[in-house]
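Protein chains in written order, with numbering that gives the first Met the number 0: chain A, 0 to 294; chain B, 0 to 452.
Since the hints were derived computationally from the structure, they do not count as laboratory data.
Since the structure is predicted, the reported quantities are computational estimates derived from the model, not experimental observations.
All residues carry an ideal CB built from backbone N, CA and C; glycine is no exception.
Some hints here could point you the wrong way.
[Claimed, not checked] Derived SDA-like pairs (lysine to any residue); straight-line CA-CA distance at most 25 Å:
#1 K423(B) / T72(B)
#2 K32(A) / T72(B)
#3 K404(B) / T72(B)
#4 K404(B) / Y274(A)
#5 K404(B) / G81(B)
#6 K32(A) / Q99(B)
[Unchecked claim] Non-contacting residues of chain B with respect to chain A, defined by C-beta distances greater than 12 Å in every case (computed):
#7 D110
#8 V176
#9 S181
#10 A210
#11 G250
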Amino acid sequence: MRVTFRAAYGGIEYVNAAAEQVANARQQMLSGKRLEKASDDPAGMQRAIAGRAELRSIETYTRTSDSALAKLTTLDMVLSGVIEKLQQAQVSAASVRGSIVNQQQRDAAALTLEGLRDSLAADLNTRFRGAHVFGGAEATTPPYARVAGSWVYQGDAVPVSVEIGAGRTVAIALDGQALAQGTDTTNVLNELETLIVAVRAGDNVAIDAGMSALGRAFSRATSTQSQIGVDERSVSETQLQLTSSRLAVLTLVSKDEDADLANAISAMNRADVAYRAALGAVGRASNHSLLDYLR
Amino acid sequence: MSGLFSSLSMAAQSLEAQRAGLDVAGQNIANLNTPGYKRRRLDLAEAVNGIGGVEVLGTRAARDAVLDTRVRTAIPDASREGAILNQLSLVETTIGAPGQGIDGRLSAFFDAFASLSVDPTSTVARDGVVLQGRELASAFNATATRLASSVQLADNGVRDAVGQVNSLSQQIAALNVAIAASGGTDVDALKDRQQLAVEQLSSLTSVAVLARPDGGVDVTIPSGRALVIGGSKYDVSASTGGNGLATLSLGGADITGELTSGTVGGLLYTRDTLIPGYRARLDQLAFGVAQEVNTLHQSGFDLNGNPGTAFFTPPAAVAGAAAAMTVSATVQGNPSLVAASQTGAPGDNQVARALANLRLQPVLSGGTTTFAEGWAQLAYQVGSDVDTARAEQSSLRDVLGQVQKLRDQVSGVSLDEEAASMMKFQRAYEANARFFTAVDSMLQTLMNTVGRG
Numbered sequence: 000m001r002v003t004f005r006a007a008y009g010g011i012e013y014v015n016a017a018a019e020q021v022a023n024a025r026q027q028m029l030s031g032k033r034l035e036k037a038s039d040d041p042a043g044m045q046r047a048i049a050g051r052a053e054l055r056s057i058e059t060y061t062r063t064s065d066s067a068l069a070k071l072t073t074l075d076m077v078l079s080g081v082i083e084k085l086q087q088a089q090v091s092a093a094s095v096r097g098s099i100v101n102q103q104q105r106d107a108a109a110l111t112l113e114g115l116r117d118s119l120a121a122d123l124n125t126r127f128r129g130a131h132v133f134g135g136a137e138a139t140t141p142p143y144a145r146v147a148g149s150w151v152y153q154g155d156a157v158p159v160s161v162e163i164g165a166g167r168t169v170a171i172a173l174d175g176q177a178l179a180q181g182t183d184t185t186n187v188l189n190e191l192e193t194l195i196v197a198v199r200a201g202d203n204v205a206i207d208a209g210m211s212a213l214g215r216a217f218s219r220a221t222s223t224q225s226q227i228g229v230d231e232r233s234v235s236e237t238q239l240q241l242t243s244s245r246l247a248v249l250t251l252v253s254k255d256e257d258a259d260l261a262n263a264i265s266a267m268n269r270a271d272v273a274y275r276a277a278l279g280a281v282g283r284a285s286n287h288s289l290l291d292y293l294r
Numbered sequence: 000m001s002g003l004f005s006s007l008s009m010a011a012q013s014l015e016a017q018r019a020g021l022d023v024a025g026q027n028i029a030n031l032n033t034p035g036y037k038r039r040r041l042d043l044a045e046a047v048n049g050i051g052g053v054e055v056l057g058t059r060a061a062r063d064a065v066l067d068t069r070v071r072t073a074i075p076d077a078s079r080e081g082a083i084l085n086q087l088s089l090v091e092t093t094i095g096a097p098g099q100g101i102d103g104r105l106s107a108f109f110d111a112f113a114s115l116s117v118d119p120t121s122t123v124a125r126d127g128v129v130l131q132g133r134e135l136a137s138a139f140n141a142t143a144t145r146l147a148s149s150v151q152l153a154d155n156g157v158r159d160a161v162g163q164v165n166s167l168s169q170q171i172a173a174l175n176v177a178i179a180a181s182g183g184t185d186v187d188a189l190k191d192r193q194q195l196a197v198e199q200l201s202s203l204t205s206v207a208v209l210a211r212p213d214g215g216v217d218v219t220i221p222s223g224r225a226l227v228i229g230g231s232k233y234d235v236s237a238s239t240g241g242n243g244l245a246t247l248s249l250g251g252a253d254i255t256g257e258l259t260s261g262t263v264g265g266l267l268y269t270r271d272t273l274i275p276g277y278r279a280r281l282d283q284l285a286f287g288v289a290q291e292v293n294t295l296h297q298s299g300f301d302l303n304g305n306p307g308t309a310f311f312t313p314p315a316a317v318a319g320a321a322a323a324m325t326v327s328a329t330v331q332g333n334p335s336l337v338a339a340s341q342t343g344a345p346g347d348n349q350v351a352r353a354l355a356n357l358r359l360q361p362v363l364s365g366g367t368t369t370f371a372e373g374w375a376q377l378a379y380q381v382g383s384d385v386d387t388a389r390a391e392q393s394s395l396r397d398v399l400g401q402v403q404k405l406r407d408q409v410s411g412v413s414l415d416e417e418a419a420s421m422m423k424f425q426r427a428y429e430a431n432a433r434f435f436t437a438v439d440s441m442l443q444t445l446m447n448t449v450g451r452g
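With the sequences and hints as input, model every part of the structure.
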C-alpha cells in the first residue's frame, strides 16, 4: 500500500471529531444537562416533555390544594363559631323557659338571642378573598339578607369544587341553605326570629319548638363540619401523595434530562485522551520523512 | 558501430532524461497540497535511435477511472445529508429544552385556568388567563415564524447552489474547449481541473458524466437533462413560484423534483418536505388548542353572567393556524369576559376547571393525543430527523473517505517516494555526467594524439 502525503499528513478530521467530543462532554459537565436539544436523544426528549407536563400538572394540583386547604380551614373555623353560637342560643332560650322567669330576664335573653342571630348571619355571609363561601356558586351576593322582616337565602344549591388531584375534588363553597335550613320549613335565622318573639312573650311551647329547630341546625352544622374535616384530611393526604408523585416524576425526568456527572467526567477524560492522541498522531507525521535522511 | 561522438550524444540525452525525472519529482512535490492533483509519472524507454541510451516517452497522470467514478458517486449522498443536517440544526433550536418551548407555555396557560377555578370571581386570575393566553399565542406565532424563516433560508441556499452549479458548468465547458484544443498533448493539468470541477458539481447535485473522444466530458443530471455538452453549458434557472419559493428549470422543463441528491437535493428535501411537515404538525396543534379552548369557553358564562365568546380568534383553517393564533381582541380588552362559569353564577368554576383539565384530555389525532404529547411528537420528529441526518452523514462521509483513500493510494503523491525518486534521478544524473566526462576525456586523449602526429 502506498502511503501518500495526504494520508500521512491528513487526519485533521479526526482531530476535529475528537475536539467535538471533548466540547460535548465539557458542555454536559458545565450545564449538568445531557438533553439540551431534541437530537441529543429524541425519545428521551419526548419522555422529558411528557414528564415536564406531568410535573406542571402535579405542581398545579399542589397549589390548588393549598388554596383549597386555606378555604376549608376558614370554613372549619366559621362552622365552629356557628356551632358555638347555636349552643349559646339554646342555653339562652332554655334559661328563660318556665314560669318563674320575669319579663326583665326574658328581655335580656331575647337581646342575647338577637346578638347571636346577627352574629350567625354574619358567619353565613363570610367571605374569603372577596367571595362568599356559603352561597354556593353565587359568590358575589351575600347568601342571607333580611327582606321585609324575613331572612332570605340569595345563594344557590350549586356546590363549588376544585381539583386537588387527578379525579379528586373538594368543595370550597357550600350551599348555605342546606346548612341553615336543611329539610326544615325555614332557615335557622328565621327560627331565631320566632324564638326571640317567643322568649319575649314567655311562650314555652314556641320556645320548645325554637330549641328543637336550633338542635336540628346544630346537627347539620356538626355534620357539615365533619365533612369539612374529612376534606381537610383528604387534602393533606393528597398533598403527601402529590409530593411523592412529584419526586417520582422528577426522578424520571432527571434521568432523561440531567447528565450523569460520573459518566460525563469519564467521557470527557476519554475524549481528552482521544483528542491528545489524534493531535500527537497528526503532529508526529510531520516529524519524519525520507528527506531527513538524504544529504 | 557508434563512435565517441555518439557516446557523447547518448550521455547528453541521458542527462536530459534524468533531469526530466527530477522535474517530475519536483512537480509532484510542488503540488502536494493542490486539490485534484494526480501524481505524474515519467515514462522512460530504451532509445531506438541506433546509438542507444534512454528516451523520454512522456509523463502520465496516475488515474483510476473506476475509483474516480466511485468517488464522484459517493459525494452527492454525503453532501445531501450534510445540507439536511445544517438546515435542521437551525430548526432544532426552535424546539428548545423540555418545558421551555410551547409545552411550557401550554402548561402555564392551563395553570392560569386552574388558578381561576380556585377564585372564579377574581379579576386578577382572569388577567392571568389572558396574559398566559397571549404568551401561548406568541409562542406559537414565534415558532411558526422561525419555521417559515428556515424555509426561506433553505430556499436561499437552493438559489445560491444553483448559481454554483451554473458557474461550475461554465468551468467544465471551458475546460472541454481547452482540452479539445490541446490536441491531446499536455492535458493532464486541464483534466485534473476538469475532474475537480465535476466533483464539486457532484457535491451540489448528482450528475452523470460521459467521456468525449476529444478528452472532454458531457455532464447531465440523473434524469438525462444536459448541463454541459462539449463546449456548451446549459444554465439551471431559479424562478419564484406561487408560494414564493424557487422553482428550478433546465431547458424549459421543471426539474425541481428531479434533483434529489447533493446539497441542492438536501436543501429541497428540507424546504419542501421536512419543514412543511413540522409546520403542519404545529398548525394542527395550534388549531386543536384554539378550537378546544373556544368550544369550552363558549359553553360557559363570563363574570357578568353573559354567554362566553371565543377566547382565541377562531382560526380560519388548520394551515397557518399557528402563525395566526391570537387571543380575541374583545377578551384582551376586557378580561371579565373570560368565562369560568357553567351556570352563569359568578362563583361557579366548572368551565374554568374543564379548561384547566383540557391539558390532560386526548383531543388531538382523533382523540388519542394530548396537547403536550402533540408537542412532544413534533420535538421527537425534529430530533429524530437531525439524529438520522447526522448518522447518515457520518456514515456516508466514512464511505467517501474510504473511497478517497483508495484513490489517493493510486493518484496521491508520496513524499517518501518523491524523495527516493529525486535521489534516484540525482544519482543517475551524476553517473551519466561521469560517463560524459569519461567520453570527453577519451576524446581529449584522441585529439591530443592526433595533434602530436
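Hint check results:
1. K423(B) / T72(B): violated, 38 Å
2. K32(A) / T72(B): Violated: K32(A) and T72(B) sit about 40 Å apart, past 25 Å.
3. K404(B) / T72(B): holds, 15 Å
4. K404(B) / Y274(A): holds, 22 Å
5. K404(B) / G81(B): holds, 20 Å
6. K32(A) / Q99(B): Answer holds: K32(A) to Q99(B) is near 14 Å, not above 25 Å.
7. D110: Its Cβ does come within 12 Å of chain A, the nearest being 5 Å, so this is violated.
8. V176: Non-interface label stands for V176(B): nearest chain A Cβ at 30 Å, farther than 12 Å.
9. S181: Answer for S181(B): holds, closest chain A Cβ roughly 27 Å.
10. A210: holds, 25 Å
11. G250: At about 39 Å from chain A, G250(B) clears the 12 Å cut-off, so the statement holds.
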